[in-house]
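J.: Going line by line, the protein sequences match chains F and B. Under the working numbering, the letters of the first sequence match residues 1 to 787, in that order. Under the working numbering, the letters of the second sequence match residues 1 to 248, in that order.
Because the hints were derived from the structure by calculation, they are not lab data. Only a predicted model underlies this, so the values are computations on that prediction, with no experimental measurement involved. Treat the hints with care, since some could be wrong.
Said to hold, decoys possible - Derived contacts from chain B toward chain F, CB cut-off under 7 Å, selection only: (1) Leu71; (2) Phe104; (3) Asn110; (4) Glu126.
Beta carbons: idealized from backbone N, C-alpha and C, even for Gly.
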Amino acid sequence: MLALNRKLWRDLNNLRGQVLAVGLVIASGVGVLVMSLSVHESLSVTAEAYYDRYRFADVFAGSKRTPEWVARRIADIPGVQSVQTRIVHMATLDIPGFAEPVIGQLVSIPEDGQPQLNRLALRAGRWVQAGHPDEVIISEPFAEAHDLGPGDSFDAIINGNKRALSIVGIGLGPEFVYAIGPGALMPDEARFGVVWMGRKALEAAYDLKGAFNDVSLSLLRGTNETNVIDRLDQLLERYGGFGAFARADQLSNWFLMNEIAQIETLSGILPTIFLAVAAFLTQMVLARLIAIQRSEIGLLKAFGYSDFEIGWHFIKLVIAMTAVGIVMGWGVGAWLGRTTTELYATLYRFPLLIFQPSASVFAIGAIVSLGAALAGTFGAVRRAARLPPAEAMRPPEPPAYQKSRFLDGPLGRWFDQPTRILFRQIGRWPGRSAVTSLGVGMAIGVLIMAMQWMDSIDHLAQVYFFDAQRQDLMVGLVEPEASRARHDFAQLPGVLSVEGTRIVGARLHAGNRSHRGGIQGVRPTDTLQPIYDASGGVVDVPPEGLVLGTKLAEKLDVGIGDQVQVEVLSGRRPEAVLPVTGLVETYIGVPAFMNTDALDRLMRERPSLEYANLVIDENRQDELFAALKDTPRVVAVMLRSAAVETFYKTMAETLTVYVSFFAAFAVALGFGVVYNSARIALSERGRDLATLRVLGFTRREIAYILLGEVGLLIFLALPLGAIIGKLLALMMTSVFETELFRIPPVVEPSTYGISILTVMISAAVSGWLIRRRLNRLDLIGVLKTRE
Amino acid sequence: MPVAAETNAAVADGSEITIRARNLTKVYHTGEVDVHALRGVDVDFAARELIVLLGPSGSGKSTLLNILGGLDVPSSGELYFRDREITAISEADRTKYRRDHVGFVFQFYNLVPSLTARENVALVTEIARQPLEPAEALELVGLGDRLDHFPAQLSGGEQQRVAIARAIAKQPEVLLCDEPTGALDSQTGVIVLEAIEAVNRELGTTTAVITHNVVIADMADRVIRMADGAIASVDTNARRLQPADLSW
């Protein structure tokens, strides 16, 4: 081995504490990068493979009742590759041993085998048989939640008739990767299930012989979706079409793609923060090492080593230090990637899960972190390489200090000499001190950013589930009914009050922007689901016009007073131009509200309701559930407490991994910064400190000088960290803003407290390690050597 | 009257003894070799005495000074400060011993660069029991007009005099100087020696100076020569020369 390489290894060995501290930070950066890239890749590849293999459709459309022959007309639309018609309906399911009514989505499949599009992955059991109309295949998560399998059976109210269905198979479908019930945010496997039934059975049940109410299309490559959707809408209009939409707007796919996009964002932002800090730490260690090795560098040059050889030597040191972090990061990232992907697989259900992060994921992790480290240390390496040999072999000039107004003013006499040393040290190297404070501040900030999600989620849940919604139960009806139907609900056991509401599907256009969603009717007297502004509370219902969520207004680029063209997708499919009369901030969804009277007028229908909001007596809940299970016109029962529970359960699962990872990273960062700062200060001032020991200072007294300085910088970092945390929270929540969610950047005082405490503990541990080194100071060496 | 044959630096007469060492040995275990740095040294430092320790590198004079100053512990033997045995006291007690009784002057001054001359002295007076005022100590070494200068603003000789002021400001019983003029030219060295001599004379501090420089021996009360970890000879000067009369 070359002598210079031998020196490299020895240097690394001597610096092992610092190498490890830097390595941990680099590992966090590489880890989160590898994690997010591998999860992103896995989910994308898995989704693509799943969609492709199971022929997920490109365009979807629902209608009231369309004769089967129209399918041929649809197939004739230019660009259409294949057409699959079917019958899709909601139904209430009664699962043995489960009190609440379960929402079932019935989807027809051909009795003779797989459909053309949206094929099933049969996970267990067999296909339904012709002539056995009660045979069904149910979705896997639903089966798991209720411990159901082939051979079991349950009741369902199908078009008003209670029927016993027997399970013959368990399946998954590409349309239900993210399987959520109407109005739900998170999959609730126990309360929502997909039930695939034979086409003939459903035709008979819903009186749709020779007809369909749902159609899916696949398109030839390069076909313009919009044209096909327009033609399809024209064809279905007379059959009560609800408006066709593309795969991008398909609910499950929309959630999945949003998630994948968020992971991509994550892979961009977080590693950048981590690796910037890592680069800065590497620079800190290297600059100090070069300063210590000045005379060695001079000597090497005197022997005839070139600038390049010296520079390369230190670059190799950086590479070796970074490599330690990269290797750790690869391991952590691969493990986290797999864990996270598996976690996603419980939310997003795939029959296959491809977790094979490509070599490029690891290569990117390595290249990015190495690049950051080399960029960060470039200046230090260049200084080492350019050091003139003669100058390098002379000891550096003693650092010049200056008096300061602070220490030498009237306040100054309160300070003893050790405290003076401490302050002068900070004043002499303000940049370096700032960087230490900033590093610790970053650690605190990152932790606040991570933990703040809990606060935000709590706040969001409070506003969405409790402040804005006051019903215990929301019941969906098969068809809109006259509004007096709410009196029927009032008669049910345990119902304390009822309010009806309706939501009509509509397309909203403004200029060349459009949105497909629903308009919810609200009465000025409604108290259970009023129009609620996240920051201002309940908003009065204006007599006319639309009240839009701010995110929707942003999407349509409209404000109060602007006109929106409304194209209702049900009933008589009326169209109208309505003014925006109000804006409300919501955290979830992109709602549009109208005064119910105005909505009824627009629809040219009698006052009607499609959903009933109920306040119930908890003690009679089970009685009510039993009654609802036997109410034919009910298709969906949504329990608020269940929604809240699912929401928290899902959030807890996803956030625990995320928050623990960031806590670990913040601890590593806090530790790394403090350890390196104190370690460097020790190597610079070891001689001073040993001199003081010789003069009779105790270990505690010299520890005060060294650690007091770091302690003071940490103290300054506390408010800085709180500010950084708040800014990071603002940044992250704005980056993660989607149509579905706006996370309010709420930070509770306890989050600041816990974050600060955690980082302080990790700082204390590194302080303790340095303190142990202080105890081993060479007192005798000090008498003889000069630096 | 020089007693050239004497190899025992114990003092027989009735003067008050500040430091008493008997049969001190020190063995360093470095790797597989044992280095015998001290091989049974007997030495007494009397109150008010100025002693010069001479000897080549590796003769054991620094090891002896370190042990006497409470920086190191002997492998065997006995060490007394006045009547108190300090041979094998705890690390904390050795710190206390240095803090209360011993002043050190180093070859490379070892001033704290971030403190001014006055503050460097105050560093010690703040933890001492009956200190001089820092300004007074600096006056004693002739630096009354350089109180507020930082080390980087002082010459080598001035820095060494600050170090002396720092060492004596707590009025130690013992002042130990390891090559105090080693890094200085002759003219500056004389000024530093004058400061040491003044302290010894005016405060009565027992003073030991290690040096390579034989000329300095003439300012001592006694000259102890060391070789191979043992005392080679002890000479008592009939008359101390003033540093100003020395030259090299």
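J.: Does each hint hold? Answer for all of them.
T.: Hint-by-hint comparison with the structure:
| no. | hint | in the structure |
| --- | --- | --- |
| 1 | Leu71 | holds, 5 Å |
| 2 | Phe104 | holds, 5 Å |
| 3 | Asn110 | holds, 4 Å |
| 4 | Glu126 | holds, 5 Å |
Of the numbered hints stated above, none is contradicted by the structure.
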